[in-house]
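Undergrad: Sequence lines, in order, name chains A and B.
Take 353 as the starting number for the first sequence in this note's numbering and just add one per residue.
Take 9 as the starting number for the second sequence in this note's numbering and just add one per residue.
These aren't lab readings, by the way, just hints derived from the structure by calculation.
Model, not experiment: these values are computed from the prediction.
Please note that a few of the clues may not be correct.
[Claimed, not checked] In the DSS-like style, the derived pairs of lysine-lysine whose C-alpha atoms are separated by at most 30 Å in a straight line are:
# : chain 1 : residue 1 : chain 2 : residue 2
1 : B       : Lys-84    : A       : Lys-405
2 : B       : Lys-113   : A       : Lys-371
3 : B       : Lys-142   : A       : Lys-387
4 : B       : Lys-49    : A       : Lys-371
5 : B       : Lys-62    : A       : Lys-387
6 : A       : Lys-371   : B       : Lys-142
7 : B       : Lys-62    : A       : Lys-416
8 : A       : Lys-416   : B       : Lys-34
[As the list claims (entries may be wrong)] Covered stretches of chain B, going by a simulated chain A footprint (3 or more residues, C-beta under 8 Å):
#  : region
9  : 64 to 77
10 : 132 to 146
C-beta: ideal position from N, C-alpha, C; glycine also.
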Amino acid sequence: MLVATLPAIHPQPIWIYVKLADGEGEYVYRIEIIKLDSGQAIGRIDTHPTQIKSRLESTDIVLKIPPMAIEELGVYEFQLFANNIWIGRTMMNVVQIPPGGPQS
Amino acid sequence: MNTSTIEVSASDSGIRIVPSKRESEKALFLPPDSSELIFAKKARTPTQPPKRIKFGMLRDRRLRMLAAITVELERKTETFVAHWPEIDEFGYGDNASEALEDFRKTIEELYLTLHERRDQLGTDLQHVWSVLLKHIEMRPTPA
């Protein structure tokens with residue numbers, strides 16, 4: 353994500369898509385948004401309990417993170433937990449637009 | 009009577025419904041086997057990074073997780089350390105996630121190595137192998 357000034361707002365919601373395998377039973381998912389260099393959590397979202405019927409089938413889940421405030425440059429990580437177990441992550445790198453625009 | 013308004017915008021690619029500002033500020037969740045988005049809860053943000061984490065992510069397709077591994081996370085000056093005290097295995101990185109990623113590789117390699125030599129293990133490694141078997145198993149190979 354390119355930002356001109358800070359603090360900034362990610363103007364659009366962020367959608368997270370997850371494909372899971374080997375799950376079965378009831379799961380509550382959690383997304384924690386972490387500022388990676390400090391390890392500081394900046395947001396957390398819990399889902400309602402949902403069922404996965406069979407571990408033989410893959411499962412798709414989609415989460416929408418509302419527009420978020422960005423106060424510092426750096427890497428933000430979206431960590432996925434299922435029943436409090438860390439099962440995955442994805443990252444967003446926030447960098448400043450160089451003077452003169454992104455082409456310079 | 010409850011009324012709600014939705015905003016509709018037209019573009020070359022078609023018409024799309026634009027959620028209201030209030031709606032767009034909510035977290036949503038599309039559960040498995042569903043076509044309906046439901047609201048997810050914004051929970052209280054933890055103030056401190058976790059000191060331990062339940063680890064449950066393997067990438068090697070030959071392996072399957074049976075039970076989560078409780079891993080201790082510790083920052084040591086410039087390095088993060090992920091530690092599984094039960095068998096004294098470690099992962100290192102510049103942050104907690106890198107340490108967990110390194111830990112994952114270590115555990116996967118350890119499992120595969122011990123699996124290959126499982127009939128020739130000494131006492132210490134037999135203990136490590138028995139602990140690993142509680143958490144990880146080999147995925148059955150298709151016939």
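Undergrad: Any of the earlier hints contradicted here, and which numbers?
TA: Hint check: 1, 3 and 10 fail, others pass.
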